[in-house]
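**Student:** The chain contents come next:
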Amino acid sequence: MKHYILIIACCLFGIAYGQNCNYKLSGNVHDFHDGSAITGAAIYIETLDRYTTSDIEGNYSIDNLCNGILTLEISHLGCETKRIEVQINGDTQYEINMEHHIEELNEIKIDASGSSRLTKTSQETQLKAKTLERFSAFSLGDALKQVSGVSSINTGNTIVKPVINGLHSSRIVVMTNNVRLQDQEWGIEHAPNIDLNSAGQINVIKGANALAYGGDAIGGVIVLKPKNISLKDSLFGKTILGAQSNGRGYNVSSSLTKSWKKGWYATGQASYKRFGDFKAPDYYLTNTGMNSKGLSLNTGFKTFEKGFNIFYSYLNNEIGILRASHIGSVEDLVNAINNQQPLVQDDFSYAISAPRQEITHQVVKADFFKRFKTFGRLEVQYDFQNNQRFEYDIRVGDDRDKAALDLTLKTHTLKSDLKIDSNTNAIYKFGINVGFQNNFANPETGVRRLIPDYDKYDFGVYAITDFKLGDNTNLDFGLRYDFSKIDAKKFYITSRWEERGYDEDFADIVIDDLGTQLLANPVLTYHNVSASAGITHQFNANNSVIFNYGLANRAPNPSELFSDGLHHSAARIELGDLRVKQETSNRIGASYLFKNETLSLNIESYLNQINDYIFIKPTGTELTIRGAFPVWEYEQTNALLYGLDVSANYKFNDDWFLNNKTAFIKGRDVTEKEALIDMPSFKTVNTLGYSNKKWLNFNAQLQSELVLKQNDYPDNNFEVFIPPTEEFVLLDISTPPPTYHLMHFESDITVKLSEKTDLNIGLNITNIFNTSYREYLNRLRYFADDLGRNFMLQLKINY
Amino acid sequence: MKTLKNLSVLFISVLVFTACSNDDDNPEPVNEEEVITTLTATLVPTTDGSTITLQTRDLDGDGPNAPVVTVSGTFAVNTTYNGTLALLNETESPAESITEEIEEEDEEHQFFFETTNSLATFDYEDFDEDSNPVGLAFTLTTSATPGTGTLTITLRHEPNKSASGVSDGDITNAGGETDIQAVFNIAVE
Chain A
1 MKHYILIIAC CLFGIAYGQN CNYKLSGNVH DFHDGSAITG AAIYIETLDR
51 YTTSDIEGNY SIDNLCNGIL TLEISHLGCE TKRIEVQING DTQYEINMEH
101 HIEELNEIKI DASGSSRLTK TSQETQLKAK TLERFSAFSL GDALKQVSGV
151 SSINTGNTIV KPVINGLHSS RIVVMTNNVR LQDQEWGIEH APNIDLNSAG
201 QINVIKGANA LAYGGDAIGG VIVLKPKNIS LKDSLFGKTI LGAQSNGRGY
251 NVSSSLTKSW KKGWYATGQA SYKRFGDFKA PDYYLTNTGM NSKGLSLNTG
301 FKTFEKGFNI FYSYLNNEIG ILRASHIGSV EDLVNAINNQ QPLVQDDFSY
351 AISAPRQEIT HQVVKADFFK RFKTFGRLEV QYDFQNNQRF EYDIRVGDDR
401 DKAALDLTLK THTLKSDLKI DSNTNAIYKF GINVGFQNNF ANPETGVRRL
451 IPDYDKYDFG VYAITDFKLG DNTNLDFGLR YDFSKIDAKK FYITSRWEER
501 GYDEDFADIV IDDLGTQLLA NPVLTYHNVS ASAGITHQFN ANNSVIFNYG
551 LANRAPNPSE LFSDGLHHSA ARIELGDLRV KQETSNRIGA SYLFKNETLS
601 LNIESYLNQI NDYIFIKPTG TELTIRGAFP VWEYEQTNAL LYGLDVSANY
651 KFNDDWFLNN KTAFIKGRDV TEKEALIDMP SFKTVNTLGY SNKKWLNFNA
701 QLQSELVLKQ NDYPDNNFEV FIPPTEEFVL LDISTPPPTY HLMHFESDIT
751 VKLSEKTDLN IGLNITNIFN TSYREYLNRL RYFADDLGRN FMLQLKINY
Chain B
1 MKTLKNLSVL FISVLVFTAC SNDDDNPEPV NEEEVITTLT ATLVPTTDGS
51 TITLQTRDLD GDGPNAPVVT VSGTFAVNTT YNGTLALLNE TESPAESITE
101 EIEEEDEEHQ FFFETTNSLA TFDYEDFDED SNPVGLAFTL TTSATPGTGT
151 LTITLRHEPN KSASGVSDGD ITNAGGETDI QAVFNIAVE
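Chains as they are written, first to last, in UniProt numbering: chain A, 1 to 799; chain B, 1 to 189.
Derived by calculation from the structure, the hints in this document are not laboratory data. Possibly wrong hints are sitting among the right ones.
To be verified - From the structure, some residues in chain B lie toward chain A, with a derived Cβ separation under 8 Å:
1. PRO27
2. ILE36
3. THR40
4. ASN65
5. PRO67
6. THR116
7. GLY175
8. GLN181
9. VAL183
10. ASN185
11. GLU189
For each residue, glycine too, the CB sits at the ideal point set by N, CA and C.
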């Protein structure tokens, strides 16, 4: 039938124009990357419903053509099928470029079912959309604990900071949609401002080997990417609805994507979460609610050769902090610890009152890329981030509702990356970035600034090479240089200035003397060099190994330099030091991977030696009108961290599997010959899973989580004098809580509602036996137990 | 390359803009309003005798200098003193009275008085709307036997005034946050 129409059409064409239809289209099909000829590419001439193929030299020709537009579809094994339109005007020559590099193709394909590693020789783990969706109601830090060796340091259960191999905060770089998150990550109560629902995949890279993202990621890099959008005409969406018993929480997240075959796309996503007071097995955790609103918009155009992207995201989190954790003196802390239960316990409420945080983070990004034939890919990106943080403390009088901390951090970054990949066996990447950051601490709070006003300037350049030695060996090297400069203006209490000895070392930076306060203008510059090297070798289909080395330098963060004052929930005075230098990490990693049909095993070991490791330690006490407080100062030492992360999966048959994730780490202060504080304890998670496709795609998992008591910790306990009784009481702030074991259950089924609509129903129970426990890396462990049992119901609709 | 050019123009203009809006003026100093630097207890004997003043003064707040504690004299045995407390923030000039703030929010505050060696007993003389004690006004009655020891005055913010013993001045179950804890070495002669 088609033929007849075609013939008729051609005839009409011929009649109408009386045209000559004996023209010839010819040319060559070759690889976009290196220009080599592609043999045997199938060329389908859609307009004429005819086929031809390219010959051994990549040449092709099509005869008997009329003038006009011809649509061709070219396909080749391992290549993305390409559709082009060619203008025929007499005998015509046309060169066809094909792409057969999976890595590049993944960027424009939706079906990223294959693993898409960002690095070749790093210890890298990927979390896919399905895993992330389960954590829709939770935070980034919760989801990342699915990776062996990643734990978290918490303030309660809504402020969750990821810890990679024992390191966190400024030692971890978080990239969201290729923007390096700048959200005051230095603070331990400052969780990453990420709405997990906006990510389609997350890659966790341990260590500082991914130099493209920064040279100071001594702990590692977390890379979040939005869901990949395919180049086809489609409109699809996803909605997740969740409800949970603990905290009487509910959450909704929805996204909608429209894409066009020509390359245009647009995605909108929004999410909302609300929690009231969470509950430990025996009591409510008063004032631990949360209210979160997120929105992201992503639009642009892309083809294989060029494209641009405009991205905006907004996240507003209002987080309550356990009321009982707000204390005024060391004696209060003694009472809180000895009481074993929180001193403030109220009935359930959704209300969030002081102490609380309210943080708004916004990101705007625009990027543009172009691929050059037989050369590579160039990308230019500009991003702007605005981080607004309010912290409300328990205050009296007129200041009751005024924020105690009001910081606005603005960051501009311009960067460019160039990837030269015309030779697949030697790929080169170069990059440059410049950044400007301004921090503004609002004096309207009526509280002395914790972090001063500052301007920060950054500049970085890097070069990375990936070599392929034969089919089974990859080798890479990287080198990076970073410059940073902080220009701060900070008020010091005159007595503190003198106590720190700054009057001798920094007398020349005082720019104003107000009597009891001094205004200083520290200008600090840092030059950092980082390097990486790695090799992977695949012995056979089952066995492979990775070895890598990373050298990284990290400049001190504002908290380490400028901290100066009383920290309420810790009942301690924290002091930064202007003399703190950058720290230097030398990390060696070695991994063994085994994979066959039933067993997959990944063993990652590492040794991280950090010179001038910056940490905070108790150094004495100071007397104030509220009593004596311990003083904690930022100091530097030489540290050594080493450990082993294991993940193993064994399939008994198609239905049953057993999974193990185990992490072991030791952290030592080599100079003082003692343990480092806040090192994650030994943890092993065993999961027994069952799935049956016949029962509506039923999946169920029973999980056992065992966390042993941390026996290696520095003893920072001290004696507190209680004046009325004239007694000394030991304040035990060091002893980690005992071993705990929790059981969890997860299940889900998928119902097909229509051709294009799936409904997934999930039921999860965490802490099945309502076990009371406390976690060493939860800063509120002194005051209350961790969460009790929680039932969660989740509905997920894909349409 | 045009995009690159446009982006760099954008970037530079943003830098210039930020630099302009953020002119070189120095930041304003913050004079903390809520800091309590000074607690003065004035104790006037109901019978003959001299007034005794107890004071703790920490002019640098949470700074490194310790508070200066002064006691003007010794207490007489078997004597009742009428006590009043005054709180000041002397980081501001003129000094700001914090006493009034506590009077206004008296249901959220309570002072506790304790001595070692049973040197004295205390009674509250002022009460909040719920008839719970506050402690800005109090009486101190010294023991019949002479001795030396310490007198501790503690101010708790948001204590649980209804907890057992708290309204009688027992701090044990009070909870809340400590705003002041001042220890005076005293003698009863």
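**Student:** Next step is simple, just say for each hint if it's right about the structure.
**Tutor:** We went through each hint and held it up to the structure:
| no. | hint | verdict |
| --- | --- | --- |
| 1 | PRO27 | holds (5 Å) |
| 2 | ILE36 | holds (6 Å) |
| 3 | THR40 | violated (12 Å) |
| 4 | ASN65 | holds (5 Å) |
| 5 | PRO67 | holds (5 Å) |
| 6 | THR116 | holds (6 Å) |
| 7 | GLY175 | holds (4 Å) |
| 8 | GLN181 | holds (4 Å) |
| 9 | VAL183 | holds (4 Å) |
| 10 | ASN185 | violated (10 Å) |
| 11 | GLU189 | violated (21 Å) |
When the structure is compared with the earlier hints, violations turn up for hints 3, 10 and 11 and for no others.
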